[in-house]
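Join these two chains into a complex; the hints should help.
So the sequences go chain by chain: A and B. Be aware that the first sequence starts at 6, since it is given in this note's numbering, and climbs by one per residue. Be aware that the second sequence starts at 14, since it is given in this note's numbering, and climbs by one per residue.
I should point out that these hints are in silico values taken from the structure, not numbers from a laboratory. Accuracy of the hints is not assured; some may be wrong.
[Stated by the list, open to error] Stretch-level coverage of chain B by chain A, calculated; a stretch enters the list once three of its residues show a Cβ under 8 angstroms from a Cβ in chain A:
hint	segment
1	59-73
2	78-84
3	271-279
[Stated by the list, open to error] Ranges between beta-carbon positions, derived for each pair:
hint	chain 1	residue 1	chain 2	residue 2	range
4	B	E163	A	Q189	27 to 37 angstroms
5	A	H131	B	D149	35 to 45 angstroms
6	B	R132	A	G167	25 to 35 angstroms
7	B	R415	A	P50	52 to 62 angstroms
[Claimed, not checked] Just some of the chain A residues that point at chain B, by a computed CB distance under 8 angstroms:
hint	residue
8	E79
9	C201
10	V206
We put the CB at the ideal spot given by N, CA and C, even for glycine.
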Amino acid sequence: MEAGRRLLRPHAIAAALIAVLAASLVVRADPQGRELTLESIDGTPVRPFAASARAWVFVFTRTDCPVAARYAPELQRLEQRAVSAHVAFHLVFVDPAETAGTVRAYLHDYGYADRALLDRSHQLVHLAGARATPEAAVFIPSNAGPVLVYTGRIDDRYVDIGRMRPAPTRHDLDEVLTAVARGQRPEVASSPAVGCLIADVTR
Amino acid sequence: MTRARRTATAMALAALATCCTGGAATQPTFTGDVAPLLFKNCAPCHHPGGPGPFALISYEDARKHARQIAKVTGRRYMPPWPPDAGHGRFVGERHLTDAEIETLRAWAAAGAPEGDPLRMPAAPMYSAGWQLGTPDLVLREAEPFVVPAEGGDVFWNLVLPSTVTGTRYVRAMEILPGNARLVHHANVLLDTSGAGRALDAQSPGPGFPGMDLTLASNRFEPDSHFLFWKPGTPALVERPDMAWRLEPGTDLILNMHLQPSGRSEPIQPAIGLYFSERPATRVPMLLQLEHDGALDIPPGDAQFEVTDALVLPVPVEVLGVYPHAHYLGKIVEGTAKLPDGSVQWLIRISDWDMKWQGVYQLADPLSLPKGTVLSMRWIFDNSSSNVRNPHTPPQRVRGGNRAIDEMAHLWVQVLPARPEDRLTLQEALMRARLVKYPGDFVALANLGSVLESQGRLDEAIARLQQAVNTRPDSAVVRNTLATSLRAANRPADALKEFERALQIDPAYADAEYNLGTTLLALNRPAEALPFLRHVTAAHPDDGAALSDLGAAYAMLKRFDQAATALEASLRINPGNAQAHYNLGLIAASRREMPRAVREFEQAARIDPTNREIATALAEARAALKR
Numbered sequence: 006m007e008a009g010r011r012l013l014r015p016h017a018i019a020a021a022l023i024a025v026l027a028a029s030l031v032v033r034a035d036p037q038g039r040e041l042t043l044e045s046i047d048g049t050p051v052r053p054f055a056a057s058a059r060a061w062v063f064v065f066t067r068t069d070c071p072v073a074a075r076y077a078p079e080l081q082r083l084e085q086r087a088v089s090a091h092v093a094f095h096l097v098f099v100d101p102a103e104t105a106g107t108v109r110a111y112l113h114d115y116g117y118a119d120r121a122l123l124d125r126s127h128q129l130v131h132l133a134g135a136r137a138t139p140e141a142a143v144f145i146p147s148n149a150g151p152v153l154v155y156t157g158r159i160d161d162r163y164v165d166i167g168r169m170r171p172a173p174t175r176h177d178l179d180e181v182l183t184a185v186a187r188g189q190r191p192e193v194a195s196s197p198a199v200g201c202l203i204a205d206v207t208r
Numbered sequence: 014m015t016r017a018r019r020t021a022t023a024m025a026l027a028a029l030a031t032c033c034t035g036g037a038a039t040q041p042t043f044t045g046d047v048a049p050l051l052f053k054n055c056a057p058c059h060h061p062g063g064p065g066p067f068a069l070i071s072y073e074d075a076r077k078h079a080r081q082i083a084k085v086t087g088r089r090y091m092p093p094w095p096p097d098a099g100h101g102r103f104v105g106e107r108h109l110t111d112a113e114i115e116t117l118r119a120w121a122a123a124g125a126p127e128g129d130p131l132r133m134p135a136a137p138m139y140s141a142g143w144q145l146g147t148p149d150l151v152l153r154e155a156e157p158f159v160v161p162a163e164g165g166d167v168f169w170n171l172v173l174p175s176t177v178t179g180t181r182y183v184r185a186m187e188i189l190p191g192n193a194r195l196v197h198h199a200n201v202l203l204d205t206s207g208a209g210r211a212l213d214a215q216s217p218g219p220g221f222p223g224m225d226l227t228l229a230s231n232r233f234e235p236d237s238h239f240l241f242w243k244p245g246t247p248a249l250v251e252r253p254d255m256a257w258r259l260e261p262g263t264d265l266i267l268n269m270h271l272q273p274s275g276r277s278e279p280i281q282p283a284i285g286l287y288f289s290e291r292p293a294t295r296v297p298m299l300l301q302l303e304h305d306g307a308l309d310i311p312p313g314d315a316q317f318e319v320t321d322a323l324v325l326p327v328p329v330e331v332l333g334v335y336p337h338a339h340y341l342g343k344i345v346e347g348t349a350k351l352p353d354g355s356v357q358w359l360i361r362i363s364d365w366d367m368k369w370q371g372v373y374q375l376a377d378p379l380s381l382p383k384g385t386v387l388s389m390r391w392i393f394d395n396s397s398s399n400v401r402n403p404h405t406p407p408q409r410v411r412g413g414n415r416a417i418d419e420m421a422h423l424w425v426q427v428l429p430a431r432p433e434d435r436l437t438l439q440e441a442l443m444r445a446r447l448v449k450y451p452g453d454f455v456a457l458a459n460l461g462s463v464l465e466s467q468g469r470l471d472e473a474i475a476r477l478q479q480a481v482n483t484r485p486d487s488a489v490v491r492n493t494l495a496t497s498l499r500a501a502n503r504p505a506d507a508l509k510e511f512e513r514a515l516q517i518d519p520a521y522a523d524a525e526y527n528l529g530t531t532l533l534a535l536n537r538p539a540e541a542l543p544f545l546r547h548v549t550a551a552h553p554d555d556g557a558a559l560s561d562l563g564a565a566y567a568m569l570k571r572f573d574q575a576a577t578a579l580e581a582s583l584r585i586n587p588g589n590a591q592a593h594y595n596l597g598l599i600a601a602s603r604r605e606m607p608r609a610v611r612e613f614e615q616a617a618r619i620d621p622t623n624r625e626i627a628t629a630l631a632e633a634r635a636a637l638k639r
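Just chain B, same shape as in the assembly (with noise of 0.2 angstroms):
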């Protein structure tokens, strides 16, 4: 009997609530609607010591936020995601949705109530340290860099040494930014020229200035690879079979953007480098669209617009994309027209921001046949109601890697079916920017060096020969001539070039290699010698250099040092096959012919196709039972 009537009360109550509460039976709380979608799209920055300005974690650190977290999301301007719904599917896309964006501001609108603490789900946990454990190697500058506590837009590059010995495959890298508060995104580049060395002994203190670096090495390279960093990301986890090629000599350059606080504060950034011990199986490729010879916007132009288009020449599959522009950036569009005439979008953002910038990795790979057109179109406002305009009143603005300047790129990651493609994908870019910008020196440069590749060498000459007017200083372009040169079977051609290209660059070892090489092919070795010996001294562990140098003075007679090159040449690579035949033919000479049968015998296990070693190696064995 108590217990019904006790059941009873309790309908009553449950009535009553419904009945007279209305609405407010839908009204969102804290712990019932609001922290699951707080801890999903907002924790990964705002957690105690990470890059949001803010905790969002607590209900008390939403409380003291909820207007303006219905604010911000009403207006999508957080969580931050520039590109537009509907316009591909990106690898940790933060988009609300409606329905999200109105229980934030109900909420708020409600008095931002707690609700039942015992529907509180669990926080999520962010440790400060190596999300994927220890690196197996980290790159610190020694000293902190020190950012001032006010002004605009800070672009600083740190120049940091990789220190491997040997070549290493990169499958993970992860960049612990010191003050992620300060840091609105950072790139990372890899520089084999020295020129970001060279910058920073320009710049007092650790590092240099600059927002987009240019320097002699490409931006990607060596195996394109996107190494583009913005707080509340995981690490860069490659595919396993696309780890990224680090060289000794190396130097990882961090071109960050920071944003004073008020305050200034030091920071001290690492780059965590994680190891595999398998090279890349596919090798992606960027493809840059861009017109910055198009950019020359006129104050008050608000509608200034900069289009590029590539017709793929092979089928690919699309990886991801990076649009990239500066503050006069306004609407991009990435679009794939396939040959069936349908329309894929890559990306649209209608509402750039250049701070917000970032590589967008597709969800899904897009498979792109042959013939489709992959276009770009920016739209820059160069108008005073532009509020992030650098200039005031607006001026005009060129192409250039000032941050008053601007860019119209759109990058475009691509994995080719075939490895050869890359050379043909290479071939279209360089065609595409000569119709842009005819007689390009760089254009010219790398098409021809392609052809070259390809053995396509009446172009490839050329071409070369188009860049060498266009700039006869340049020792890399002269070698490349020479070497297209010597492949046409044109070798006193060559020879000049090669000359041409040491007088330029003294210290040019690739051309003085193959100037010595070249002299060798023509039987002539006492020229070469000089030649092989100083590259042999600048760079002991050429193995190449040094089969050549053994080569060369088993052509003078010379055996023994013939014998100690080659020697120190198959310490360094055992695997050249050239160096065993000369060392056979060295015992031969000296009647040595177990010897000679073992130095074969290594030769033809190595390139069994070859006729000669073959040869010489039936002839030892016969002379051995002789």
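Pulled out of the complex, with its shape left as it was, chain A reads as follows (with noise of 0.2 angstroms):
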């Protein structure tokens, strides 16, 4: 009974696997996203999947947004430790109508590094399928070109607008990292964002 049961468990658990994979696991490959150009805060053209990096971390994010400002220490935390995981990590501006010089006050403002990308023409949330701000998109280089393996919140803190719970359950991103980290697609490929909505700073 006992060998009869240790030898089924791995089958059931990797059934169970592909159960959740087939379910939530939604990988796409984007040859083109190599080519993908944003902008820096500098108003120079930057193509964010040319260097070479274990995984391209980027959140979603703009200025007046007190969600995304609330992330502020906890996505500074989280850089850091993308940084010495060789990820790349990238706050991505997303409204057109923000200036360089009105993000740049931003950054310093909420203690982070003089340096963002702008996505004026929303080319990576969609290529991201990113809703809200802030919202993470991962991507893991392949042969095919970077291939996005999460889209979703940084934690559940927020569970809506203005409903939060007094500390996070789950650290989604954090998650997501130590699993590109260790050369692993993370378990969950995406999970909802509460934040302020992309859609209304669409050109």
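And the structure:
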């Protein structure tokens, strides 16, 4: 009986995992991703996937979103973790009306390094399928181009606008970073992000 | 001819527009439909420099949040107005109608069209300074308090000494938060006990932490006003007949609920006070429904109920309500069941959120007859489906002051018909408290004090004796017990209790004064003298104590010292008939009859019905004629 159970268990786990992957892990390889061009706050064109990295993390944000602002200390910690794991980490400002000066002032006020990307035409937003700020998108490299492995919240502190836990119970982006740093795909490919709707600042 | 053709063309175009745009003819636009809604309901907080995280004044402001606006208004999160519609009408209500919410939804769904710029209504203007002009007194902490960049809610208290030198009557109060976006709400407490200062001294930097404060002085004293502020509300202007008293030595404690913003930010709030020359002629009273003692919420329980009720012993007018609980609160209901059986809602909040708590002033005061039952009902959710639950996984939660504890309160501000009704209400509150908490020290002490004030001395003494037995080290209760004993003509027992109170607290001026005057009444001036001298040395502005000190000297025939003390007493309180009378007696004993007559005349003017004074005056006048 015992031996039989031991034999069965790995199969059961594998079956469960496959079911989870089939249900939630939708990966998209984008051969054009390598060519995608955004803008730096200096006004220069940037191809974010051009630099090699173990993975690329993008966090979509805007300067007038209070939910995004409150994540500043957590995002700075996550950036440190990412960089030490050879994962590229970018803040991406999505409001086309925001000037480089406004963005710079925001970065300074909230303690970020003086660098960020501007996605004025929402190319990366569409590639990632992001809907709100703050929301993260994580890509890993492949022969076919960058592969999107996660789009969603930083953590589960916010359940809805104005409805939040005293502290997060799940650190989604941190878990994704742990996985990609180990060369693995994250178990969960998407989660609902709560914040300011990107569709409101679409040109 | 030309003119006629133009008109025909215009009519044709209008017809074409109507025929072909169909439903789009009613499509809402920013200038025509949305701006008026935002200006009325959102802009009071959402303006540049305001407490809202972004402005909603210009078209561009609104367009950049159009879907967000539709979403948060659709679930009635914004504008924040927790009371359920139809369960009481309040000052400053911010309910959007279903039609208004639909307008915002349709506008966002249509791509947030601007509409005709010429139809744009005038935008509201907001000034950053004092709304009521320069205050008579501004209180501000010298150093800013720095709100940390992250973490949970911060509950912080700043202690602001009032600096007034005499009693002032406050007709309005305004708070400038310093950084409106960080302060979710604030309560001002009046502290005459020094407890706030002591807590401040124990905590580094300005102020001290704490969510709900228990100070020795009553929370809303002296005059039972809610001094509650939340962003977007105007200055707290009192009714002209209801200014609240600010006594010298009072500290204002600004109890703030702050939210970290993502960066550490300094705040330096200021309180502005506007004084009135007129003291209040109507004094409200706060009735607290609560049952924190019943709070023992098992983990996982999503429907834990706590209730309380009070039968009104006198008719009152309800002016306002203030429900209070912490993070597990889910539903609160306040009702008034009238003697005829009808039920009036005081308030109902079906999605309690501690962060949006507030004081709600009734739009029209509610008259309630004697015998009305005020009721409170709270439902608490201590399950993991309550996202605000401070414990993961849920843990047993009891009543207490900390944010992780719970409270079940409903304060009801009422206006009694007659001043003496306050005592009757206080008696009812304390008797109800004794039912909830048998043997409760606070209830026994307060009930005893009320009964003593009403002259119901036998029960007062019994209740105060119970309180003393419960807490033998309370100098205040022993002093009240002794006062009752003295009034009940038991001076020997009274002296013992005054002495015990002074043994417990040698600096207790009230007990020392009472002991001195009791000895004086027992015709023991030599024993009274050291106590009265000590009180007047410690409190040189205590006119009553100086008057009694003068009387003690006079009884000891030390007339020069007596006259000095009595004259000092009259400089503080010129309306003290007893001091004039005693000065008259001293003058008469020195055969200074003109002075004696003058003093007796003054005394008689102040207290014309006093026979003793009248007799002395008549005799002095007769002596003067001789």
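Okay, the hints, checked on the actual structure:
| no. | hint | result |
| --- | --- | --- |
| 1 | 59-73 | holds (count 3) |
| 2 | 78-84 | holds (count 5) |
| 3 | 271-279 | holds (count 4) |
| 4 | B:E163 x A:Q189: 27 to 37 angstroms | holds, 29 angstroms |
| 5 | A:H131 x B:D149: 35 to 45 angstroms | violated, 59 angstroms |
| 6 | B:R132 x A:G167: 25 to 35 angstroms | holds, 32 angstroms |
| 7 | B:R415 x A:P50: 52 to 62 angstroms | holds, 54 angstroms |
| 8 | E79 | holds, 7 angstroms |
| 9 | C201 | holds, 6 angstroms |
| 10 | V206 | holds, 6 angstroms |
Going through the hint list in order, the structure does not satisfy hint 5, though it satisfies all others.
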